[in-house]
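Undergrad: Here the structure of chain W is known, so what remains is to put chain G in place on it, guided by the hints.
Number of protein chains: 2
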Amino acid sequence: MKHLSRRTFSSRMALGAAALWAGPHLSIKGATPRQGQGRSLGVALVGLGSYSTYQLAPALQQTKHCHLAGIVTGTPAKAERWQAEYGIGKDHVYSYESFDAIANDPDIDIVYVVLPNSMHAEFCIRAARAGKHVICEKPMAVSVAECDAIINACREAGVKLSVGYRLQSEPYTQEIKRLVREKTFGDVRFVSADAGYISRGNPEQWRLDRERSGGGALMNMGVYSIQSCIYSCGKNPIGVSAQEFSTRPEYFRDTDETITAQFTFPGGVVGQMMTSHNANANRLYGSCEAGWFELQPANNYGPLRGNTSKGPIEFPHESQQKLQMDDFARHILEGSPNRAPGEMGRRDMVIVEAIYRSIGDGGRQIAIDLPEGYGIVKE
Amino acid sequence: MKHLSRRTFSSRMALGAAALWAGPHLSIKGATPRQGQGRSLGVALVGLGSYSTYQLAPALQQTKHCHLAGIVTGTPAKAERWQAEYGIGKDHVYSYESFDAIANDPDIDIVYVVLPNSMHAEFCIRAARAGKHVICEKPMAVSVAECDAIINACREAGVKLSVGYRLQSEPYTQEIKRLVREKTFGDVRFVSADAGYISRGNPEQWRLDRERSGGGALMNMGVYSIQSCIYSCGKNPIGVSAQEFSTRPEYFRDTDETITAQFTFPGGVVGQMMTSHNANANRLYGSCEAGWFELQPANNYGPLRGNTSKGPIEFPHESQQKLQMDDFARHILEGSPNRAPGEMGRRDMVIVEAIYRSIGDGGRQIAIDLPEGYGIVKE
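For the record, the sequence lines run as chains W and G. Residues in the first sequence are numbered from 1 upward in steps of one, following my numbering. Residues in the second sequence are numbered from 1 upward in steps of one, following my numbering.
Here chain W stands alone, though its shape is the one from the complex (with noise of 0.2 Å):
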């Protein structure tokens, strides 16, 4: 049974989470970075894959808010060209195993974790105890239980927390939640979000290892689903049923590679939500009582294409990532809305693990047991 194997993975990435709230590096608590309106914070980016490479260092250079101050590295070629490129000083370069002791660089103000899912908790952990703002890449983790031992670390080390959810500081996105907030079509009755690609590269890259990834299509696209569909409807689901579909086993031999679900909502809303690693699908939309909205596509880089009953959606394009970075330096610098906190990527999580539950029971209804708006963010 892959899924409760995969849930004995989990639980066990939790523990070791856990364990590290007893490890031996001291919580530094009350080191929160300087604050103050009109500074830029120094990001460090751990990870030097290829979302770091060609998305979130290229954003650093557009941003307002915040910078690109540090790195944490298992490569001392890639921490070199880095260097080199980003101008970054030898004092802000981190191995994973000399990482903590960015506790004493007054450079760094935010820990951004780019990692294989696996190893989010251990690393924002890390961070916070470290004193640092923390943002954690999408999926959260692999397991609510490491989502809450993330949350409950940054609240013990008084520093804050989003995840790398980037559409939630993008204009069409934005104005999503916007049509929904002011009922603009009137009330929402079903919502139905797609996101998937064909992966076609190395069979052993992290995302197809549940080991390092925690799960496959659902982990890493899925996330993306569960977000439109809650965000074209304002509410968090209370109720799921979930279908796993393998094609091609020979190459998803440890993760899932095509899921479908379906979410009730309160009020009456209903949804759908498909995600793959066997196709590609990028959408979301949402059919309200007196007109809709729809975003294709709606997850990628952008630029993205909204249409609505009304007529199109259109907004300049910008980075995401640039939006996404300054909307959390501004968070920390001015009190403004954090748009992705902790909260929203653990209830992400726990949709994640009713759906896995559901395919492991036949597709049976699970409940989702969530406080109302509980992750939501009203702006």
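One should not assume that every hint holds.
Copies of the same chain look alike in the list, so a pair counts if it works inside one copy or between any two.
[Stated by the list, open to error] Calculated lysine to any residue pairs in the SDA-like style (CA-CA distance at most 20 Å, straight line):
| no. | residue 1 | residue 2 |
| --- | --- | --- |
| 1 | 310 | 297 |
| 2 | 64 | 98 |
| 3 | 310 | 198 |
| 4 | 183 | 308 |
| 5 | 78 | 48 |
| 6 | 183 | 49 |
| 7 | 183 | 313 |
| 8 | 310 | 296 |
| 9 | 177 | 360 |
Derived by calculation from the structure, the hints in this document are not laboratory data. Keep in mind the model is a prediction, meaning the values are calculated, not measured.
TA: For chain G alone, kept in the frame of chain W given last:
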């Protein structure tokens, strides 16, 4: 259990239809209508509700190969209005009781049954026995057993049979079938189709009365989603799971309100569909190895709108019903393909019954055992 009682009802109806075989009406074998190219076939509409009034009768003013030649109605005042509007002689006006005398009406070649679903089987069988070619409005009947009875009656009488699937004759839909057949975007990997509208009218309407409709959204709109999924990949499903959602039970007292279903197809294609009497949706989408196609709307009376990863699909708008009835007339007159044969309607009812069965079984995956290509028309 709503679905158990629906099945019980369907079985009873099927027996009712089958009982007609041995009934008092003589089968007029060999009394097939006149054949010959260039001739326009006479069509009698059975049931003068809104679909006949606002779609079929106007379309029959535009058809080239057939024309409105008779009517069958239970309402004398309607008969008078139609006679005046369309110049229909009194000899071509029938009541449901006098209907069988249509056998002796040489001006009627085709009988189009546009009655509530539970009456399709009876009147299609009576039409076949009267020696007339038959168009049966969708859904074909309220059970597979009834579909069998209709198909057998037409075969025995030597008359042609088609189902009122107007989209099978419609150019956007034909284009989707071509893109799939010619693998323009490579193999299809995922298909998705939604078909629904918000029912707000009289709760006593026949569509919301299971005795007359045989079911709710799935029977009425769901067959479009089923059709869309099938022609978007060119294959019949081999398995299905499904869920039912009820949010306005006070209005939808007797029939399904919203249903979602997930399909598996041969060769690893995954499909999902939604159908509803409580939400607007109207789309088909196919995700392929190297591109995608979409119709939205996909199922209304047109104009449809189509898009693909290579650009838009665009055709001039024509009455779908005109195209459909002319196609069937040409099939009779010239032997061109029957684009919506009885087997296609029966196949969809096999899938409808599997969906209801999965819902009754808590969403369990149900195998669908259809001969390969059954009901799929190769052109």
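Undergrad: Would you pick out the hints that fail for this structure and give their numbers low to high?
TA: Hints 2, 6, 9 are the ones this structure does not satisfy, whereas the remaining hints hold.
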